[in-house]
Structures are given as C-alpha cells and as structure tokens.
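**Q** In case you want the letters, here they are:
Number of protein chains: 4
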Amino acid sequence: MNLKKAPELITTESVNGGDVPPSLASLSGRVILLECFQMLCPGCVSHALPQARRADLAFRKQGLVVLGLHSVFEHHEAQGHRAALAAFMHENRITFPVGIDAPATSGIIPQTMTRYGMQGTPTSILIDAGGHVRLQRFGSITDLELGAAIGSLLNEAGQPGASTKP
Amino acid sequence: MNLKKAPELITTESVNGGDVPPSLASLSGRVILLECFQMLCPGCVSHALPQARRADLAFRKQGLVVLGLHSVFEHHEAQGHRAALAAFMHENRITFPVGIDAPATSGIIPQTMTRYGMQGTPTSILIDAGGHVRLQRFGSITDLELGAAIGSLLNEAGQPGASTKP
Amino acid sequence: MNLKKAPELITTESVNGGDVPPSLASLSGRVILLECFQMLCPGCVSHALPQARRADLAFRKQGLVVLGLHSVFEHHEAQGHRAALAAFMHENRITFPVGIDAPATSGIIPQTMTRYGMQGTPTSILIDAGGHVRLQRFGSITDLELGAAIGSLLNEAGQPGASTKP
Amino acid sequence: MNLKKAPELITTESVNGGDVPPSLASLSGRVILLECFQMLCPGCVSHALPQARRADLAFRKQGLVVLGLHSVFEHHEAQGHRAALAAFMHENRITFPVGIDAPATSGIIPQTMTRYGMQGTPTSILIDAGGHVRLQRFGSITDLELGAAIGSLLNEAGQPGASTKP
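Protein chains in written order, with our numbering: chain S, 1 to 166; chain V, 1 to 166; chain E, 1 to 166; chain A, 1 to 166.
If you are wondering where the hints come from, they were derived from the structure by calculation, not from laboratory data.
Hints should not be assumed to be uniformly reliable.
As the list claims (entries may be wrong) - Which residues of chain A face chain S? A partial, calculated answer using Cβ under 8 Å: (1) Ala83; (2) Asn92; (3) Gly158.
Claimed, not checked - In silico DSS-like cross-links for lysine-lysine, where the CA-CA straight-line distance does not exceed 30 Å: (4) S:Lys4 x S:Lys61; (5) V:Lys5 x V:Lys61; (6) S:Lys61 x V:Lys5; (7) S:Lys5 x V:Lys61; (8) E:Lys4 x E:Lys61; (9) A:Lys61 x E:Lys4; (10) A:Lys4 x E:Lys61; (11) S:Lys61 x S:Lys5; (12) A:Lys61 x A:Lys5; (13) E:Lys5 x E:Lys61; (14) E:Lys5 x A:Lys5; (15) V:Lys4 x V:Lys61; (16) V:Lys61 x S:Lys4; (17) V:Lys5 x S:Lys5; (18) A:Lys61 x A:Lys4; (19) E:Lys5 x A:Lys4.
Yeah, the Cβ is synthetic: ideal placement off N, Cα and C, and Gly gets one too.
All chains should be built: construct the whole structure from the sequences, respecting the hints.
**A** Pasting the structure below:
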C-alpha cells in the first residue's frame with residue numbers, strides 16, 4: 001500500500017484565510033476537501049463551489065476542513081486579480097479560505113495545479129488525516145459519492161458523522 | 001455505548017427477492033440501507049426511491065445492500081396488492097428486493113413499521129455490519145449526508161469506498 | 001389552413017369533475033390543456049403532472065382549462081380502478097378534473113387515446129378556443145415551450161397573460 | 001390603454017454585436033427579450049442567463065430577439081472591463097449580443113438601468129413589436145410564465161410559435 005503524499009500548496013495570497021495563506025502543514029491530522037476552481041469556469045460556479053459549500057456546512061462539525069484554490073490558467077485579465085476574486089467570493093457567499101495558486105514560472109499552469117497534475121477546473125481533491133491524496137476528480141462528482149468518500153475518511157480518522165456515531 | 005439492535009423484518013412476501021423474503025438474519029455482517037415506502041407517496045416516488053436506486057448503483061460493489069419495505073398504512077385498495085407493487089417497481093425500474101410489511105394485527109400501522117417506531121413514509125434506515133440501527137430518517141435526507149453515513153459505516157466494516165481505498 | 005377538430009373525450013367517469021365527466025362540448029370557447037397519463041407512468045408522476053399543475057396555477061386566471069385523462073393501457077389490475085386513481089390524485093394534490101378514458105371495445109388502447117392517435121403516456125395536448133388540436137406532444141415538453149404555446153393560444157382567444165396585458 | 005415606450009439603450013460598446021451596439025431603433029417591429037445582468041451576480045449566472053439562452057434557442061426562428069445588457073453597479077474593478085465580459089460570455093457560451101450599459105454621469109447606477117427604473121440584476125424585460133415595455137421583472141421568473149409572455153407577444157405580432165401555428 002503506497003499512498004501519494006499530498007504536495008504542499010504554493011499560493012501567493014489568500015482570501016478569507018487570515019494573514020497566513022492556507023497550508024497543508026498547518027492542518028496536519030485533519031481531513032481536507034480542496035476545491036480547485038476558476039471564477040469564470042461555469043462548472044465551478046454552478047456545481048463544484050455550491051457542493052463545496054454544502055460539504056463545509058454539513059461536515060465542519062465532524063472535523064472536515066474545506067479549502068479553495070484559485071488556479072487561473074486562462075483569462076488572466078478578467079480573473080487574475082485578488083479584488084475580482086474577493087468580489088466573486090462575496091457574491092457567491094464562499095466563506096471558506098481560498099488560496100491563490102502561484103503563477104507558473106514557465107508555461108501557463110499555476111504551480112500547485114502542476115504539482116497535483118490537475119487536468120483543469122473544477123478539480124475536487126480529498127486529503128486524509130495522514131496527509132495523503134485519497135481522491136482527485138476532474139469535472140463533476142455526485143453528492144452521494146463525495147459524501148461517501150468524506151464519511152469514509154472521517155471514520156478512518158476517528159471522526160465519524162454525528163448521524164451514525166454510536 | 002448502547003446501540004439499538006435492528007428488529008427483524010416481518011414481511012408477508014416479497015418482489016425481486018427470490019423465494020425467501022428479505023431478512024436481516026440472512027444479511028449478517030453487511031451494511032444495509034432499508035428504504036420504507038408506499039407506492040402512492042409522492043416523496044417516495046420523486047425522492048427517496050430514486051435516491052435508494054442511486055445508492056444501490058454506487059455502493060453495491062463496496063458491499064452495501066439496499067432493501068425496500070412496502071409499508072402500506074393508507075389507501076389499501078389502491079396499493080395493497082402484490083400485483084400493483086410489482087407493476088410499480090417495474091415502471092420505476094427498482095431492482096433491489098422489496099418486502100411487503102405484514103399488516104397490523106390491530107390498528108393500521110404494519111408490523112415492521114411499528115417495531116421501528118417509524119413516523120411515516122419515506123423513512124430511510126441504515127443498519128451497520130453488526131446489525132444495529134445507526135440512522136433512521138423520516139422524510140428526506142440529502143445525498144451528501146446519506147453518502148457520508150454509508151461511507152462511514154462501510155469504512156467501519158472494513159469496506160471503504162473504492163474511490164478512497166488506499 | 002386546415003385544423004384538426006379535437007375529438008370529443010370518451011370517458012366512463014371522472015374524479016374532481018362533479019357529476020358530469022369533462023367534455024370538450026361543455027368547454028367551447030376555452031383554451032384547454034389536456035394531460036393524458038397513467039398513474040404508474042414515472043414520466044407522468046415526475047414531470048407531466050407537476051407541469052400541468054403549474055400551468056393550472058399560473059394560467060387559470062387568464063382562462064386556461066386544465067383537464068386530465070387517465071388512459072390505462074397496461075397494469076390494469078394496479079391502476080384500473082377509480083379508488084386507486086382517487087388516492088393517487090389526493091396524494092399528488094391534483095385538483096383539476098380527470099376523466100377515466102373508456103376501455104377499448106377491442107384491443108388494449110382506450111377509446112379517447114385511440115381517437116387522438118396518442119403513442120403513449122404522458123401526452124400533452126393543447127386545444128384552441130375554436131376546438132382545434134394545436135399541439136400534441138408525446139413524452140416531455142419544456143416549460144418554456146409549453147408556456148409559449150399556451151400564451152400564443154390565449155392571446156389568439158383575446159385572453160393574453162396578465163403580465164403582458166396592455 | 002397607455003403603454004410605456006421602451007427607452008433606447010445607452011451603451012458604450014458591445015460584445016457579439018458586430019460594429020454597432022444593439023439598439024431598439026434598429027429592431028423596430030421585433031419582439032425583444034432584454035436580459036440585464038452583472039457577471040458576478042450569482043442569480044444571473046445560474047438562472048437568468050441560462051434561461052435567456054434557452055429562450056434564444058427556442059424562439060429565434062419565430063422571430064424573438066434576445067439582447068443582453070451588462071449593467072455594472074458594483075465591483076467595477078472585477079467586472080467593469082470589456083475583456084472580462086468577453087471571457088465570461090465565452091465561458092458561458094452566450095452568443096446573443098450584449099451591450100455594456102453606459103456608466104452613470106452621477107451616482108453609481110448605469111444610464112440604461114436608470115432609464116428603465118430597474119431595481120437590480122437580473123432584470124428580464126419584454127418589449128413588444130411596437131416598442132413598448134410589456135413585462136419587467138427583477139429577480140427570477142419561471143420558464144412557464146416567461147414562455148407564455150413571449151408566446152403572447154409573438155402571436156400579437158403575427159409570429160405565433162411553430163408548434164401552434166395553424
């Protein structure tokens with residue numbers, strides 16, 4: 001059994017996250033849902049981000065941490081600025097921390113996106129309490145399947161959902 | 001920690017289930033989703049039964065067993081016959097076994113429904129691998145929450161979802 | 001310009017319709033949405049009947065008449081009785097009149113269904129104020145398209161929607 | 001009967017509209033759906049713009065003209081530039097012309113938005129073939145109701161929907 005260690009996030013700044021950008025190192029021992037998006041990606045706006053909000057509301061008490069990652073690889077002029085992202089998050093009522101993926105040093109794919117080998121946005125990633133990538137899905141994932149993966153990892157970490165806790 | 005043992009099902013006959021009505025005793029060691037419904041209950045037709053079908057398709061490989069229980073407590077003339085239920089299941093493409101809850105010996109609530117203290121239909125019940133009731137929900141439950149409860153119980157039983165299996 | 005005159009309904013009895021079964025003759029001068037269904041047809045329960053209810057609520061004031069037609073051509077034992085239909089309509093909160101299509105004298109297709117050449121259920125039919133069939137759709141029709149057809153016929157009949165009335 | 005004449009659009013430039021910004025004067029005799037939005041307005045992205053796209057696809061052949069109006073009254077730094085709007089429209093597959101509402105000469109509400117007395121975004125406006133405002137709705141409108149209003153105006157203009165055309 002060989003699990004891939006989740007690479008650390010490389011972000012330039014963050015929104016909603018306090019002074020320090022979100023990092024996996026600071027969340028050791030926690031189950032994490034990392035939602036990678038672009039604000040001009042319709043599938044992100046209509047499906048992935050509302051789903052991440054629902055997961056945040058449903059499972060925060062059981063210990064899930066939801067993080068966003070804004071990985072801009074197109075339309076930089078329209079979505080590449082912190083002010084635009086902050087306005088977008090306000091209008092879409094996103095209250096979990098979102099890091100801004102560091103621009104590529106060469107090419108167009110931001111650095112964290114490259115590290116994870118993501119194919120595009122949205123990409124949903126689940127990281128277990130031991131810091132390993134346990135699910136990475138490009139495109140959409142159903143609520144039923146995402147819920148099951150979260151429930152499984154929370155149980156494994158000794159934080160089963162309240163609804164099934166003995 | 002005191003968990004309630006799931007009472008055995010009391011059914012008169014079944015559809016899709018072979019010669020023998022579904023019983024919890026025969027499913028020892030398995031995680032079970034028991035969906036209690038009436039065929040003339042709109043919330044069952046539009047929400048609970050399609051959700052149970054999705055759960056069956058998504059988690060059968062990981063070991064989940066989905067069972068239906070037809071607990072008729074009203075409109076007996078319209079939905080109280082096996083032929084009507086069989087036609088309903090065919091049209092709604094329900095392929096998991098459905099037991100017909102045994103009529104009350106006194107009063108109107110069928111016997112299994114009474115044993116579980118169900119308030120009405122639909123009611124979704126999750127039974128863990130040890131045979132205990134771990135979730136019982138009257139009305140609707142979201143896919144995200146049902147998924148998490150299933151994922152948690154499958155993990156506990158050593159059958160984590162394929163998507164997060166190391 | 002040759003429009004097909006809508007054949008009269010042949011029904012044995014009705015639910016919600018008072019003592020007299022619904023007839024086109026008694027509704028001369030009115031725009032009619034005729035929704036043909038079976039109670040065990042999932043597409044009817046999940047799409048066509050809720051849509052007919054919405055149309056009834058939205059356009060009754062502008063003069064639209066919504067009628068149901070229960071045209072049973074399969075599973076007679078389960079859905080062929082008035083009591084079953086009445087229970088179904090109660091549970092699904094259908095308040096517009098529903099006639100029971102008269103059984104075939106030969107073959108399995110009920111008489112009104114045969115007269116209209118319907119292919120199955122659900123079938124949505126729009127009849128103009130002059131008594132002509134102006135739309136007949138087997139399967140689903142979108143709200144946008146059904147709304148436009150209703151709005152067009154109401155305008156033609158001098159009963160434009162309140163929202164656009166000068 | 002006094003109908004309000006639809007005020008002319010005041011726009012600085014347009015996307016998808018060729019060299020000339022969309023104007024009501026150039027569309028005399030046509031039924032128009034004018035969809036007023038902001039790209040960072042979630043109700044616009046998830047409901048109003050997809051609905052306008054559906055209306056464009058469903059009724060273009062019957063003569064409906066769909067126009068967008070980008071009326072920015074907040075988050076100018078994020079959505080106030082033509083490049084951002086063009087990227088947004090590309091990602092959301094909006095192919096009808098969109099004019100950019102002229103900034104206020106005083107205050108924050110753009111000029112066309114002020115002329116129509118709009119309360120915010122999204123606002124859906126229907127203009128009849130004679131150039132009069134026949135429906136103006138802030139917030140959401142159902143497909144059924146919007147469809148009926150469009151069908152009524154197209155019929156009035158002698159362009160009834162193909163589905164009900166004699």
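**Q** Could you work out which of the previously given hints the structure breaks and list their numbers from low to high?
**A** 3, 14, 17, 19
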